[in-house]
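Put chain B on the given structure of chain A with help from the hints.
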Amino acid sequence: MRLLETPKGKTVRIIEFNGGKGVSFKLRQLGLTSGKEVKVLRHAPLGGPIMIDVEGRSIALGRGIAARIKVEMN
Amino acid sequence: MRIALIGQPNSGKSTLFNQVAGYKAETGNFIGTTVTFTESNVRLLGDVVDVVDLPGTYSLAGSNPAEREVIKYLTSKEVDVVINVLDASHLTHGLSLTIELLELEVPLVIALNMMDEADRLGLLIDIKQLEEILDVPVIPMIASKGRGIQPLFVKANQIGQNNRIPSHPHYSGGIEELLELLEYKLGEVQSHLRTRALAIKLLEGDKAIINDVLSQKPEIEPDLKSLQKALLHQYGKSAEWVIEDARSNKAHSIVERIIQQGKRRISMRDRLDDILLHPFWGYIFLIAILYFFFQLVYSFGGWLETPLMALFNGFEVWVMTFFGGSQGLIVQVLIGLIQGIAGGIAIVLPYLAPFLIGLGILEDIGYLPRVAFLMDSLMHKLGLHGKSIVPFILGFGCNVPAIMSTRILEDKRERYISAALSTMVPCAARLAVIFGLVAFYLGPIVALGIYLFNLFVIAITAKILSKIVPETSPGLILEMPVYRIPTLRTISNKAWWRIREFILEAWPLLIVGSVVLALFNYFNISIYLNVLVRPLSLLLGLPREVGVPLIFGILRKELSLVMLGQALGTMEFSQVLTSVQMITYTVFVVFYMPCMATMVVIRRELGRRAMWHIAGLTTLIATVAALLSRGVSELIF
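Top line first, the protein sequences correspond to chains A and B.
Under my numbering, think of the first position of the first sequence as 1, with each following residue one higher.
Under my numbering, think of the first position of the second sequence as 1, with each following residue one higher.
Possibly wrong hints are sitting among the right ones.
Distance windows between CB atoms, simulated [said to hold, decoys possible]:
1) Y291/B x N18/A: 35 to 45 Å
2) Y235/B x R2/A: 20 to 30 Å
3) R2/A x K217/B: 38 to 48 Å
Pairs of lysine-lysine residues, derived as DSSO-like cross-links and limited to a Cα-Cα distance of at most 30 Å, are as follows [stated by the list, open to error]:
4) K207/B x K21/A
5) K26/A x K412/B
6) K26/A x K72/B
7) K463/B x K21/A
8) K36/A x K207/B
9) K412/B x K21/A
10) K463/B x K26/A
11) K36/A x K128/B
12) K26/A x K36/A
13) K26/A x K8/A
14) K250/B x K21/A
Keep in mind the hints are simulated off the structure, nothing from the lab.
From the three backbone atoms N, C-alpha and C, an ideal C-beta is built for every residue, glycine too.
Extracted from the complex, chain A is given alone in its bound form (with noise of 0.2 Å):
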């Protein structure tokens, strides 16, 4: 499953991230490692970002970005 198709308030666990360098960088320095467990805390509406908790702070991600992190549910 992609963590953009996981229905708000889901907790998931990261697989993988299927992306480039510089952005696979940018998720690991904000803690988006795989098996870390991030929980959906809300879409934004019209094909916006999504909102996830990444032990405890809120982190938006574009859906492009969302798209490509493999996620499994618990």
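For chain B alone, coordinates are given in the frame of chain A:
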């Protein structure tokens, strides 16, 4: 004594710096490889120490040139002690950077900031144990309220003077053995890093450091390769990741040992995002907040502008009577001077000051990233990101703070496009032209039409620009800071710092420009100026007299209306201009070349080239848009 501050973004590092150094941290510039650190002399217990504010960074991985510069600087002899600012409410993440700092083996003190936030989240932190585990003094602090700052710097001073170096962190079995082996093989190497840190960077595959070491000891290359391979074999991922995971695991285990979760106090602030980012109410609040903000700025500005203008007008009259009503050179220059000064005090500052204070409040509360979140999808349709909406909104008030606000965008492309677009947003001055000419003579519906046409042209320009300048960043990645109640001190400092920029840099130019125009008037250069602009005015079907008001309009946009009256000899525009001419002229004024104050700010923020690009681009767009509206309105009227 030189003290360097380092910490992750949003850890409150700049707040701490500003508390000790006054408001200076905003000038820090860290784009690309040009690295400048903000430094300030601070009086401390009778001594003067240098405090250096390093840019916020999540890690010191070194793959990024800016981060490599930071490592070099920290390990150079210039820094006596490093203060690592940590956000106590998000310790796990921040500690990874602390572990990297420990690897560098430099004198270190930890400032455990935002203790109030941690308290609110119910986190009970065992500071004594944290000190023992890290072998580093930890000082609890609330930088925004100025608490704990004195003990922090006393401690830092002491650590720096004794040159106390903490012991470096140890990793679990496999990695530790490989590191020791590599350290042994390395032996003596010339480097700014200690052998331990060097070994870690080599294993991580830091290209610059590998090249540096191999040029001294080419014989260790096969050893390094086999060690990296051993890690890959043992953990199934590359060394860089293995070490990073090790750091992150270490941070986790530390946090588990020192933090107990107490009762979390659920407050309004936790619920705020549910309302402010709601799919429907979020947008209602956005519109309401912005409307309220502009109302406040306009009413406050207008309340000040009228009496101030009256004051300066009275002064002008006094000067003229003093010289017995003569129209001599001195009188003209003096009046030009007064008008330039009045332009700054009576027209720009009454709006700019409340605007910047309001913007500072929205920024410090943490609302602006939320606006970016709400607007991201709409901005994406124009080829931009959500964050670009901020300068765009601000542009309706005044283009100067709009350009300044492009600083919140990290990407150079995004900054350039947003700056170009926000200069096309009709600011308060151009509102005067639209209302004074079009709304007054042709009715408010036509004025509304011009606003809609303006949005349409901006959208098309955004589309075209984002096609020409290729997209570099793949999407929004933005941390939403916790809502905070701003303090009076940070707000007023920040606003003053920005107002000072206008007073020192843009205002003198306004005054000089005003005097130059007075000279033009005196020596009757207007005729030549009209000839210069004639090709354009002919193309747009406008009378030749519009040349001077258009040129004067570059100085201040309101002048293109005021001077038009002077140039045409009457303020009854309907007698001298047709409806089509009024619309064409107004559309051109709305789009062409940013005013001088805006140009100065563009030059400072984005460079001289960007300034000329934007000036040329907007004039071109203005011509096309004016021609288009001429054609359309000829069909209608």
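Status of each hint after checking the structure:
no. : hint                       : result
1   : Y291/B x N18/A: 35 to 45 Å : holds (43 Å)
2   : Y235/B x R2/A: 20 to 30 Å  : holds (26 Å)
3   : R2/A x K217/B: 38 to 48 Å  : holds (47 Å)
4   : K207/B x K21/A             : holds (16 Å)
5   : K26/A x K412/B             : holds (17 Å)
6   : K26/A x K72/B              : holds (22 Å)
7   : K463/B x K21/A             : holds (27 Å)
8   : K36/A x K207/B             : holds (28 Å)
9   : K412/B x K21/A             : holds (19 Å)
10  : K463/B x K26/A             : holds (27 Å)
11  : K36/A x K128/B             : holds (29 Å)
12  : K26/A x K36/A              : holds (15 Å)
13  : K26/A x K8/A               : holds (24 Å)
14  : K250/B x K21/A             : holds (25 Å)
Checked against the numbered hints above, the structure violates none of them.
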